Amino acid sequence: MSYPEMSIIRDIRVLTEKFIPNRILHRTGQLEAIRDDIKPLLEGSVPRHVFIHGNPGTGKTCMARYVAGELESYSSDIVQSYTNCWENPSRFRILYNIAKDVSSAPIIHRKGTPTDEILEMIKRSLEGKHCVVILDEVDKIEDDRVLYDLITLQNVCMLMIANSSTALYNVDSRIRSRLASSDNIEFRPYSSSEIIDILSDRSEWGLIPGVITGQQIEMIAASVSGDCRAAIDIMRVVSEEAERSEHEKITDDMIERSLPRIEMFKKELSMGALNPHQKLIMEIVTGAGGTIDSGELFRKLSELSASKGMESIVDRTFRNYTNKLVKYSFLNSSGDGRWRTFALPKKQF
DNA sequence: CATCCACCGGAACTTAGGGTTC
DNA sequence: GAACCCTAAGTTCCGGTGGATG
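Residues in the first sequence are numbered consecutively from 900, following the numbering used here.
A hint or two may mislead.
Calculated lysine-lysine pairs in the BS3-like style (CA-CA distance at most 30 Å, straight line) [stated by the list, open to error]: (1) Lys-1226 x Lys-917; (2) Lys-999 x Lys-1028; (3) Lys-1178 x Lys-1207; (4) Lys-1022 x Lys-917; (5) Lys-1178 x Lys-1226; (6) Lys-917 x Lys-999; (7) Lys-1199 x Lys-1226; (8) Lys-1223 x Lys-1039; (9) Lys-1223 x Lys-1199; (10) Lys-1039 x Lys-917; (11) Lys-1039 x Lys-1022; (12) Lys-1039 x Lys-1028.
Computed beta-carbon distance windows for the label pairs [what the hints assert, rightly or not]: (13) Arg-1215 x Leu-941: 41 to 51 Å; (14) Val-1213 x Leu-941: 26 to 36 Å; (15) Asn-921 x Gly-1113: 17 to 27 Å; (16) Trp-1104 x Gly-1234: 26 to 36 Å.
FYI, nobody ran anything at the bench for these hints, they're computed from the structure. Computed from a predicted structure; not experimentally measured. The beta carbon of each residue, even a glycine, is placed where N, CA and C say it ideally should be.
Construct the complete structure from the given sequences, taking the supplied hints into account.
Okay, structure coming up:
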């Protein structure tokens, strides 16, 4: 947008974390579920609070903002508020943030404004209205009373976001029981083909056609272990580099150089973090031509680990390992549920 | 249709390692 | 440094399930 005519970037905002796309890919189930939970707001009845959890880069924040924005556009009686609890961990900061978002009048923040007064302010602003409150990184809240404050506001629906499914285990039991009826939605890591779709979509809106090839998008997708944020970040970085160095296209070289950035995003697990059995599983799948049935994989693992003098693992542990490998996109699994077949993702870099 | 087989995953338990308290 | 607590990983147990088999 703001770039001159020679630019290869059409709209850099599309390639940033904050951007909310006009359609959500590969999260239909979750989208419908959240819509159903908060829809009662439109009819003035009681919605369900939603707890969204999943690894970084699985689209949690994007989805929450998307749904909240969608609802807001339906009715002028609905407003939304977004707070990152890592940046605003205290009860006062969170409520202040919400008050700012929902109040039409400017909030006068004089020193010593009591938190309860802010809460009253929110109540007054929301009279006759309904509000979707997004609490990102909800596990970083310092004082969980703020959750209680928000629960007591009948016309507020909370979308609580965290990486861990256990994020709310430590909150006060009274609050937890009030939240027991909330919807619990997991966001699994994207598969590489899903990442490819999302990157293709973003490149269409963000870049001039032909700047990045399909193969290059696959290359990025195969490297991020299901972390979409990392994938989009890499695409932005290489686009900016191409732009700066006045290339007309992104080169493979640029992508390879930017891949180490992924490490910043991948807190949870990397190849180096795999234990010997998990590495052996990867070797067996690779040796089997990239695809193998679950039962055969376990038998081969038992055989091979015994011959290497490694300790044996029980079948339940094996299932835990394969589930983890799938979760972190080291493996794909097909035939979901029973009789699964494991396969390598398209490309390993 | 009944039974068996191979597999799946939740729940409860055990164990090991690390941190904290007195 | 002993006693305690907490957590994560691995194991045991077990009920459930769809396809194969008789």
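Problem set entry | Violations among the numbered hints, reported as their numbers in ascending order | As far as the earlier hints go, only 14 is violated by this structure.
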